[in-house]
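Q: The lines below spell out each chain.
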Amino acid sequence: MTILTICAFASDEVPSSALEALAAARHLAEALGDQEVQALLTGSGVTEHGASLIKRGADEVLVVDDPRLESLDGELVLEVVERAVDEVSPDIAIFPHTDVSGGHVAPRLARRLETGIVTDCTGFEVKDGAIQWVRPVYGGKAMAVMTATGPVQLATMRSLAFEPLEADESREGDVRELVVDLEGVEMAVPIVDTIVEEEAFEGPSLDRADVIVSGGRGMGDEENFERVKELARALDAAVGGSRPAADSGWVPHSHLVGQTGKIVAPQLYIAIGISGAPQHMSGAGSAKTIVAINKDEDAPIFKAAHVGVVDEWENVLPPLIEELKQA
Amino acid sequence: MHTIVCMKQIIDPEVPPHLFEIDPDEMKQVRGTHPLVISAYDEVAIEVGLQLKEKTDGKVTVITIGDEDTVESLHQALAMGVDHAIRVTDPAFEEADAFGMAQILAAAIRRVGDYDLVLCGRQAGDVELGLVGPFLAEELDLPCASIIANVEPENGKVRMQRSVDIGYEVLEASTPFLATVTNDESNVPRYASVRGMLAARRAEIPVWSAEDLELDADELGLGAAQITIDDLYIPEREVECELIGGETGAEKAKNLVEYLKQEKVI
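Sequence lines, in order, name chains A and B.
Position one of the first sequence corresponds to residue 3 (this note's numbering), numbered consecutively onward.
Position one of the second sequence corresponds to residue 4 (this note's numbering), numbered consecutively onward.
Keep in mind that the hints were calculated from the coordinates and are not lab data.
Just so you know, not all the hints are guaranteed correct.
Capping the alpha-carbon separation at 27 Å, the derived lysine-lysine pairs in DSS-like fashion look like this [stated by the list, open to error]:
no.	chain 1	residue 1	chain 2	residue 2
1	A	Lys129	B	Lys62
2	B	Lys62	A	Lys231
3	B	Lys31	A	Lys327
4	B	Lys160	B	Lys257
5	A	Lys305	B	Lys267
6	A	Lys305	A	Lys231
7	A	Lys290	B	Lys257
Model the full structure from these sequences, guided by the hints.
A: The following block contains the structure:
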């Protein structure tokens with residue numbers, strides 16, 4: 003069996019999500035009995051990263067490097083991936099579950115190839131040579147074990163579910179160019195503009211933050227929500243919010259943690275004035291340590307939190323911010 | 004512009020974990036007496052459709068697959084301002100996977116006929132695979148814009164925003180096309196008014212069967228290509244919450260910092 007993993011990106015560095023998918027592919031190759039992992043590396047000016055994918059777990063790298071891929075248009079990536087799958091006929095193709103790869107390219111490829119797909123996986127099991135994909139469902143309240151049947155098994159991997167492999171300098175493998183003519187591909191939904199937003203909102207992005215401080219309905223209003231940001235600053239943390247906080251405009255939707263927002267997995271998650279509704283815990287539940295500050299000792303958040311402070315935030319936050327500033 | 008929104012009704016995801024049960028034979032959540040709601044991203048898609056209706060003097064049609072219980076969500080969509088609701092149902096549809104669902108929706112959309120765009124929520128709030136929208140685009144041979152947040156008409160075309168790390172991308176499409184929709188500041192769903200709800204209850208909701216859609220139930224799905232759930236379980240999550248003591252807020256704050264340091268969390 004051969005495994006193809008898809009590494010499509012527009013950034014200067016190989017994104018962690020792609021290295022995580024590559025790690026998942028490597029682990030799967032081992033579980034299936036020393037199988038081969040090929041990586042498709044695609045984007046604009048990406049060729050130089052080929053060798054690093056070998057060190058990070060690929061046995062062979064196919065490169066499609068084309069200036070037209072600069073903005074990572076979904077249609078072009080789909081075309082490239084379809085060509086690569088046609089070229090190497092893998093048994094399994096693994097994608098990172100990013101918006102473009104997981105939300106657009108992989109599902110459409112599955113329909114085109116008339117083959118099964120399981121998205122947003124956090125793991126897999128191999129039983130008698132057959133693969134079962136494991137993924138959260140119902141907002142993480144349950145786990146499903148799923149099978150994708152068809153000519154090629156497609157799967158997309160949730161961010162942070164696998165750790166990238168350490169670079170192993172002793173690993174060797176071929177990096178070869180794959181020629182794909184993108185000239186004739188119709189861009190039916192072109193990206194006509196990219197607007198760079200100066201980070202208007204507080205601090206770092208949620209996605210890969212080690213520490214996140216979130217506030218919810220209990221903060222009451224936008225002015226009070228400033229205290230959440232202040233605590234985040236003291237901890238050098240990202241700021242998050244529950245759905246009521248986002249819908250009230252206290253945080254932008256890009257900082258919403260929950261089933262309809264970001265699914266995060268920081269080392270430390272501090273939830274203030276958040277009741278712990280399922281919508282929110284779907285996004286925050288994977289944090290290593292959850293600290294809850296809430297005046298209602300019966301709030302569901304205390305069933306999910308590792309550490310709890312039962313009190314009004316007004317009593318706890320100001321001294322907490324001071325303590326941390328001094329620390 | 005005429006927008007068709009595909010909507011799924013699900014069991015309220017806000018059912019608390021201790022009331023959440025699964026049926027090991029059916030491999031799904033036990034229905035119980037929990038409320039039924041429009042899946043969150045589909046409700047956002049309805050909102051985007053309604054905003055486009057207002058901007059273009061257009062109309063919105065919502066389609067759902069499901070039994071009589073789904074009428075409640077169709078009424079809600081109508082009360083929000085949707086013009087037409089269609090319910091597609093057949094015992095033969097119950098076993099359909101995402102491939103089958105896309106085929107059923109495609110047949111219904113073809114029967115509606117004249118439309119400019121199709122909107123689907125990026126994924127349903129229950130199984131969350133996010134497949135039906137992209138499959139449907141392939142099924143209808145439509146260009147597909149994925150995970151966008153709003154649709155603005157502009158010079159005979161439309162422009163959409165998709166959020167990316169550094170800001171957002173602007174995508175352009177000509178009709179007809181399909182888009183999968185996510186939430187942002189611009190599309191927080193409006194409430195259904197009481198008056199709207201009363202009017203919705205009087206609305207005609209056509210019910211289409213497999214026969215009406217000329218679908219052969221035995222041929223739903225893609226043969227060898229299948230997506231199945233083999234097992235479904237509730238993960239064990241025993242969390243013991245360490246409550247931080249103290250007489251005053253200041254004392255609790257001090258004890259919390261000490262505790263987190265001691266546990267090497269900070």
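Q: Against which earlier hints does the structure fall short, listed by number upward?
A: Result: hints 1, 2, 3, 4 break, sorted rising.
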